[in-house]
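Number of protein chains: 2
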Amino acid sequence: MVRVVKSFTKAGQQAQDNRIKQSFELINTQLYSVEERIRSQAREFDPAVDGYISYACESSGKRLRPALALLVGGATGNICPGHLDLAVVLELIHAATLVHDDIIDGADKRRGQPTANAKWGNTISVLLGDCLFAHALKLSTNFSNGEISRRIASAASDVCSGEIIQTQRRFDLKLAIGDYYKIIEMKTAALFAAAAELGAFINEAPPEVIAAMKSFGMKFGTAYQIYDDCLDIAGDEKNAGKTLGSDLRKGKLTLPILHILNASTEAQRQGLSAAILRGSGGDVETLAVAALRQGGMAAAVAAGRKLLGEAMNLACELPATKYREGLRDLCASLGDLIGRFAME
Amino acid sequence: MVRVVKSFTKAGQQAQDNRIKQSFELINTQLYSVEERIRSQAREFDPAVDGYISYACESSGKRLRPALALLVGGATGNICPGHLDLAVVLELIHAATLVHDDIIDGADKRRGQPTANAKWGNTISVLLGDCLFAHALKLSTNFSNGEISRRIASAASDVCSGEIIQTQRRFDLKLAIGDYYKIIEMKTAALFAAAAELGAFINEAPPEVIAAMKSFGMKFGTAYQIYDDCLDIAGDEKNAGKTLGSDLRKGKLTLPILHILNASTEAQRQGLSAAILRGSGGDVETLAVAALRQGGMAAAVAAGRKLLGEAMNLACELPATKYREGLRDLCASLGDLIGRFAME
Chain A
1 MVRVVKSFTK
11 AGQQAQDNRI
21 KQSFELINTQ
31 LYSVEERIRS
41 QAREFDPAVD
51 GYISYACESS
61 GKRLRPALAL
71 LVGGATGNIC
81 PGHLDLAVVL
91 ELIHAATLVH
101 DDIIDGADKR
111 RGQPTANAKW
121 GNTISVLLGD
131 CLFAHALKLS
141 TNFSNGEISR
151 RIASAASDVC
161 SGEIIQTQRR
171 FDLKLAIGDY
181 YKIIEMKTAA
191 LFAAAAELGA
201 FINEAPPEVI
211 AAMKSFGMKF
221 GTAYQIYDDC
231 LDIAGDEKNA
241 GKTLGSDLRK
251 GKLTLPILHI
261 LNASTEAQRQ
271 GLSAAILRGS
281 GGDVETLAVA
291 ALRQGGMAAA
301 VAAGRKLLGE
311 AMNLACELPA
321 TKYREGLRDL
331 CASLGDLIGR
341 FAME
Chain B
1001 MVRVVKSFTK
1011 AGQQAQDNRI
1021 KQSFELINTQ
1031 LYSVEERIRS
1041 QAREFDPAVD
1051 GYISYACESS
1061 GKRLRPALAL
1071 LVGGATGNIC
1081 PGHLDLAVVL
1091 ELIHAATLVH
1101 DDIIDGADKR
1111 RGQPTANAKW
1121 GNTISVLLGD
1131 CLFAHALKLS
1141 TNFSNGEISR
1151 RIASAASDVC
1161 SGEIIQTQRR
1171 FDLKLAIGDY
1181 YKIIEMKTAA
1191 LFAAAAELGA
1201 FINEAPPEVI
1211 AAMKSFGMKF
1221 GTAYQIYDDC
1231 LDIAGDEKNA
1241 GKTLGSDLRK
1251 GKLTLPILHI
1261 LNASTEAQRQ
1271 GLSAAILRGS
1281 GGDVETLAVA
1291 ALRQGGMAAA
1301 VAAGRKLLGE
1311 AMNLACELPA
1321 TKYREGLRDL
1331 CASLGDLIGR
1341 FAME
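First to last, the protein sequences are chains A and B.
Numbering-wise (my numbering), the first sequence opens with residue 1 and increments by one.
Numbering-wise (my numbering), the second sequence opens with residue 1001 and increments by one.
Everything labelled a hint here was simulated from the structure, so no lab data went into it.
Since this is a predicted model, take the numbers as computed values, not measurements.
Among the hints, erroneous ones may be present.
Claimed, not checked - Some chain A residues judged to face chain B by a derived CB distance under 10 Å, without partners named:
| hint | residue |
| --- | --- |
| 1 | Asp85 |
| 2 | Thr97 |
| 3 | Ile124 |
| 4 | Leu132 |
| 5 | His135 |
| 6 | Ala155 |
| 7 | Ser157 |
| 8 | Asp158 |
| 9 | Gln166 |
| 10 | Thr167 |
| 11 | Arg278 |
| 12 | Ser280 |
Said to hold, decoys possible - Chain A is faced by these chain B residues, among others (derived, beta-carbon under 10 Å):
| hint | residue |
| --- | --- |
| 13 | Val1049 |
| 14 | Ala1107 |
| 15 | Asp1130 |
| 16 | Thr1141 |
| 17 | Asn1142 |
| 18 | Gly1146 |
| 19 | Ser1149 |
| 20 | Ile1177 |
| 21 | Ser1280 |
C-beta atoms are modelled at their ideal positions from N, C-alpha and C, and glycine is treated no differently.
With these hints in hand, go ahead and build the complete structure from the sequences.
Okay, here's the thing in structure tokens:
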């Protein structure tokens, strides 16, 4: 796996993260506050629990959802304390879902660190995810406008339902590309959509702006999941900080694979199907190579870039500010990263 | 296990449930509405998910938390639509925690039916619990007073933290009785306390009444957990509808066992400790017999009855209505059930 794809990840995952983080320069101060507040959440728990909470919060990544909430806040008015609260809540929900995802996937590493389930086992991890989730939704009830907590809880519910549907459809070789989009819109993009929508809502932006930002978040989040799915096939294990090829081994059929299944002759399709169902290390490598050579990856890259182009157009409807440019730059960064997976 | 304790459960678990349900006669109409609304929640989910939701909601039991919310509603004013909403939300949270508990305990049956994990495996069950939880908290944001959803989310957070602490302290032979109470107040009684507290809060009862009802719910819920812990040691597997002795096999030290550990000589203590750590079928039986013969069960029964007496006294502070009597009768029913575990 690593050998096949190293050319796509010369700069390494860290550099990729840095490319995205460049778009955050505008909001570094506020992101720092969000980070502090996320860390301080552990103190809200019983001392017997706070160590687990700290660990789960610290390992959850790039803070993309907080960044989106803050940038939209700036682009639709001002970044106010409500945006920081929103950012914290969304990131805690994200952290909760990661803890449960890692149990389900049997993942032992995330961002180079042992996962909660690797460290403490599945029992503590199920409960840790629940704790984070309950705490996030408790924090969300602090908004004076109940509509905000309602939309956050609704997005969280979509995330969980999307995960169930994804699990049901594992190894389902009849999964349509439309079903794949539905799944990733629910399991991933719903939370990005809530970040952008509520970033505008908190500023009491006009309904059409709120709707446009929700759509922006949905498109950006969908593109982000496509990027993540490509990374699982063609990333660099050492730099990505997690086990690669796990989607295929677990029967998760992602866009590059669905594209080659769709474009194959019946005979090729039978061969690919058999490899997916066997799912051994060698089969996964074969599938990854097929996705790259037969244009599955290129098609996924094109789909991701199209979504990002649409998101950038939506951002153009906002007044010209540095934050609007920050949103566009965030899309451009992700577009660059996805682009690296295209066959050169 | 079954042989040892059959004398305590002659009438069977179903009859025990019926004894509690007698206290619900007053609120049968409203409980029927709650039941309908719980069942209808499944339709709020994606069609791919609703079958799981229906199954989890239907197997979750006696509807004690809804009954408490409704009785307190009647006893502090009128049972209004908000009480029905509260009842539905609390029962969904309870259903979510049961789904995750059954994964953690590796339980294959609950109330005579296969558990979600036995039916669909742990992956779907982790996500199913998450779905129920997210949906419950989403419903809770429909209350116009944000304080209600805040207190519900706070109780849910306590439940999860309590479960983590319980898991940490498995097989911890130094668990103090005070720690046991702290754990069960969090993992079980917090949701009962929220039911009773918010039942009064929705009626805009005076603060001292709200506080008294919270305390009522906490005491009743604690007594209920003590009953459930006794049942695990001395119940009747066929009628209880679940695997008994599982607390001991999983290293959960409950009140009857903690009492005999406390009252033992050092030599007896070493023997008991060794049996707990081995936790085989025969050891569990030995421990159950010890709990019965050495007064551990009697001490737990006394503790449960004391709490129920205190709860009844708190109910006496309310105006004399049939609902107040319903609350007192509910305490009396549970007292009768706990009483059956006392050595005759």
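Now for the hints, and whether the structure bears them out:
1. Contact between Asp85 (chain A) and chain B, as hinted, is not supported at the beta carbon level, the nearest pair being about 13 Å apart and thus beyond 10 Å.
2. Using the Cβ-Cβ criterion of 10 Å, the hint placing Thr97 (chain A) at the interface with chain B is satisfied: the shortest such distance is roughly 8 Å.
3. Taking 10 Å as the C-beta cut-off, the interface hint given for Ile124 (chain A) holds, the closest approach to chain B being about 6 Å.
4. A least Cβ separation of about 9 Å between Leu132 (chain A) and chain B falls short of the 10 Å threshold, and the interface hint therefore holds.
5. A distance limit of 10 Å between C-beta atoms decides the matter here; for His135 (chain A) the minimum to chain B is near 5 Å, and the interface restraint holds.
6. A cut of 10 Å between beta carbons decides the hint on Ala155 (chain A): the least distance to chain B is about 9 Å, and the hint holds.
7. Interface restraint check: Ser157 (chain A) against chain B, minimum CB-CB distance 4 Å, threshold 10 Å, status holds.
8. Look at Asp158 (chain A): its Cβ gets to within about 8 Å of chain B, closer than 10 Å, so that hint holds up.
9. Checking Gln166 (chain A) against chain B by beta carbon gives a least distance of about 9 Å; that is within 10 Å, so the hint holds.
10. Given hint, Thr167 (chain A) at the interface with chain B, holds; its Cβ is 5 Å from that chain's nearest Cβ, closer than 10 Å.
11. Because the smallest distance between the Cβ of Arg278 (chain A) and any Cβ of chain B comes to about 20 Å, over 10 Å, the interface hint for this residue is violated.
12. About 21 Å separates the beta-carbon of Ser280 (chain A) from the nearest beta-carbon of chain B, more than 10 Å, and the hint is not met.
13. For Val1049 (chain B), the interface hint holds, since its Cβ comes within 10 Å of a Cβ in chain A; the closest pair sits about 5 Å apart.
14. Hint status for Ala1107 (chain B): violated, given a least beta-carbon distance of 13 Å to chain A, over 10 Å.
15. Interface hint at Asp1130 (chain B): satisfied, since its Cβ lies 4 Å from the closest Cβ of chain A, which is below the 10 Å cut-off.
16. Because the smallest distance between the Cβ of Thr1141 (chain B) and any Cβ of chain A comes to about 4 Å, under 10 Å, the interface hint for this residue holds.
17. Given the 10 Å rule on beta carbons, the hint for Asn1142 (chain B) holds: about 7 Å separates it from the nearest Cβ of chain A.
18. The criterion of a C-beta within 10 Å of any C-beta in chain A is met by Gly1146 (chain B), whose closest approach is roughly 5 Å, and the hint holds.
19. Using the Cβ-Cβ criterion of 10 Å, the hint placing Ser1149 (chain B) at the interface with chain A is satisfied: the shortest such distance is roughly 5 Å.
20. Of the supplied interface hints, the one on Ile1177 (chain B) is violated, with its beta-carbon coming no nearer than about 17 Å to a beta-carbon of chain A, more than 10 Å.
21. For Ser1280 (chain B), the shortest C-beta to C-beta distance to chain A is roughly 21 Å, which exceeds 10 Å, and the interface hint is violated.
Going down the numbered hints, you'll see the structure goes against 1, 11, 12, 14, 20, 21, while the others check out.
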